[in-house]
Amino acid sequence: MIDLENVAYSYGGGELLSDISLKLAPGSFHFLTGPSGSGKTTLMKLCYGALLPTAGQVKLFDADVRGLTRDDVALLRRRVGVVHQDCQFLDHLPVSENIALPLHVSGRSAEAGGEDLDDLMHWVGLTERANALPPELSGGERQRAALARAVIMSPDVILADEPTGNVDWDMSQRLLRLLIELNRMGKTVLVATHDLSLIRATKAHVQARVLRIANRRIQLAGADL
Amino acid sequence: MKGVVAFLERAFHSDSQADRVVPPSGFTAQLTLFAAGAMAFLAVFALALSLAAGRLADQWGEELARSATIRIAAPADQQQAQTNAALRILETTRGVAQARALTDEEQAALLAPWFGATLELDTLPVPRLIEVIETAEGMDAAGLRLRLAAEVPGAVLDDHSRWRAPLVKAASRLKTLGWLAIILIASVTAAMVTLAANAALAANAQVIAVLRLVGAIDDYIAHAFIRRFTLRALIGAAVGMVLGMIAVLLLPSGGDETASFLTGLGFQGIHWLYPLLIPPLAAGVAFLATRLAARRTLEGLT
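Chains as they are written, first to last, in our numbering: chain W, 35 to 259; chain G, -17 to 284.
Any given hint could be a false lead.
What the hints assert, rightly or not - Just so you have them, the derived chain G footprint on chain W, three or more residues with Cβ under 8 Å:
#, stretch
1, 120 to 129
2, 132 to 143
3, 206 to 216
Hints listed in this document are in silico derivations from the structure and should not be mistaken for laboratory results. We treat Cβ as the ideally placed atom computed from N, Cα and C, and that holds for glycine.
Bound conformation, chain G alone (with noise of 0.2 Å):
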């Protein structure tokens, strides 16, 4: 740990007289800068794509996992018989936490989109629903649409999973490609900065000859290459994610809780914290990407 440290404070440690052993390089410096800028951008968006389909994925999950719906349709003069059964038996059922009837008024205003807020249940032959919350064992439809069907003739029981599961599993599958992209994104920095640091190092070739005649060591000649493409990267990311932040946090937002997936892209609570971690995992990239050029360059010279 000791000797981490160490290596850290020599390699950010300024000194200013190691930084101007190499020569400025004003355009292909812009160019860093810019591509680790560009990269930050498209690396918030992957975050926000990534964390909002795992959020929906969890959320779809979670909800619609635990939850059932048993609809009693039965004439009028049975229906809170059959209603009363059925909640009977869901009591004795393992994996149900809870159920209970919806009331008239929670019925109404599940309709009341259709039918407009005025209307009287009472004149309509409104089937009765019963909500029921899983435990997180979960319960076994199939066994208990069996004791239904032979005790509450007018229940149907629909616990969601026909049309619930593909939707998670888009979800998740969308979550792992945002994943794969911000990987996707930090290989690319990787590979820019390789470029633009060989690049560098062979522009200096007569630089690292007079710093190794006049006796420096690989570190020296190796950090003052280092210092320069980790600090553009991380200047470059740091604008970059600043911009990407900006541009999500501009994103239109709202929409009902069925919402969409696209309003509901972007950033909750401390999700807002999980970008500022980009620039430093850039400058972290860019640190290992030149350190294995300088190496390999210096390693080839007496």
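One chain only, chain W, in its complex shape (with noise of 0.2 Å):
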């Protein structure tokens, strides 16, 4: 689904990642973890097309991205859910809008008023909360907002960065059941988080791969964890 062979990434002064190769195979489910600063945010950005690679190669969907034109890159967000941690709404529609929202832009407005739309609503707790404006919302119910947002398409691939960086304790875990449940049917994770407990308390429910990196190098993290 996600090929990156032999990566390296730079913001202009020296490397940030060096020498990056992962595939993520679809139905996987993988934690990517690491000290703030060490580049997670930017290897899931190079894992939906918003940067390029300074080095190496990266496919999405068989595709090199340096071959991709923009709108390219749009139609492949279709196929890829993201979730940012300081996730943005259009703060002038309502909450059901906006996980609606992927519809509109890709021309299947007729399914955003379906039972669809009810169940995810109903699925991520916001049914109540569909008429609120974004900025209304608590810090759970955006990111849970964004991640409806993110899989209403049906996405084969669902990259999350930081999802649980805003709430506590209870509601990451609601959080990251969710993910679960996404990966049981047959999604594709990633995500991207420095909280170690919460990954422990994860792996008891599925069986997840942790990447750390460490030295702008990817390595994959076994039994200590």
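Both chains are given apart, each in its own frame, so use the hints to dock them into the complex.
Written as structure tokens, this is what we have:
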């Protein structure tokens, strides 16, 4: 699905990431961890075409990102659901319309009013908040709304960058459970987090691999967790 | 051609959801409407000026260029003979389509403003006038003068060209200036819409980022802005055009045919339809300006 080969990335100064090779197989569940500033977000951005590698090759769904046009990248994002730590919405539209936004922009507005949206809203526990505006939501509600928006197109891959960064322990457990459910439905999931206890708590429920960024490189962290 | 049609359909197809993704902006929207209206209003006048000046240039150019006058001032007993001689010369002159001596009644009518209608022409030594209508190629005025001088000593040819030329030149220059004003108005409209669109794009950076993240292609994002500005320019220009046409309609008209340029300012006949082109043109200008601005902004994003 997502295939990085000897990828390096630099923001101008020295390299932030070097020699990264990573393969996300369909249906896999990966954690990405590492200290702040180690390049977790940068690696995530490489995975959905927001950044181009300065060296090496990134293949998304078997297509080299360097060969993609801007619109190709846009179409690709309909197959990749992204959740950010500080998720942004269209602040003038109610939550339900924000969650349905990917359907609208891809010309599937007809499905936006259907049962699927109601089910999804119920699944993330936002049914009661459907008509609220995004600025009125709490941190946990925003994260769940962002997750719902990321999965409404039924993407093959879900990338979540610190999805539990702004929420308390219970809420982060709840969010992780939603991600585990998605993984059981066959979605590929990659979660970046610096919270090791969250990783431990999750590993009891799903067979997850943990990738750690250290010294600009990525390594498989195994038994020590 | 098919591509263009599809493109226009997509551009103007009303997608209420797509229009809603960009938050409403009250004040700048009204400014765009106002500016488009004001520009259309000015464009109506520039158009009226241009068309009126063009009309005058054509009229003067055509009428005066094709006509000349020969004045026969001779002793009363020779006048008829000299007139006939002049007419004979004219018959054999190349470039003369038609020549005829004015009748006494016509001459009296011409003089009436000065001497009153009751004047008996016979009592005055009034010169005889011959009206000469030229063909499209025109005649050789200098040659004709020489022949007249040889055979009709009392004849004076006045081909109007001395005072005609600068007037026609001024009128056509005025017409050019009018068109230049219209082009400037269109450019200013484009500049104004570009500024407004850039402001809107900058103010909505977060909206654009969100749309891009959820998989909106550039066309979708751009058209949300393009539709908005095109529509504003169209509505503003339509209102401005209507007001401009009413103002032109209310201009005093009349006066006789030599009448002044000022009372002739306005539209005539089919020209009344020309201003109707202003709103679609303004919309087209706004469309292109917004499209360029949106493309530039979007290409700077990941």
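Ascending list of hint numbers which this structure does not respect: Of the numbered hints given earlier, the structure breaks just one, which is hint 3.
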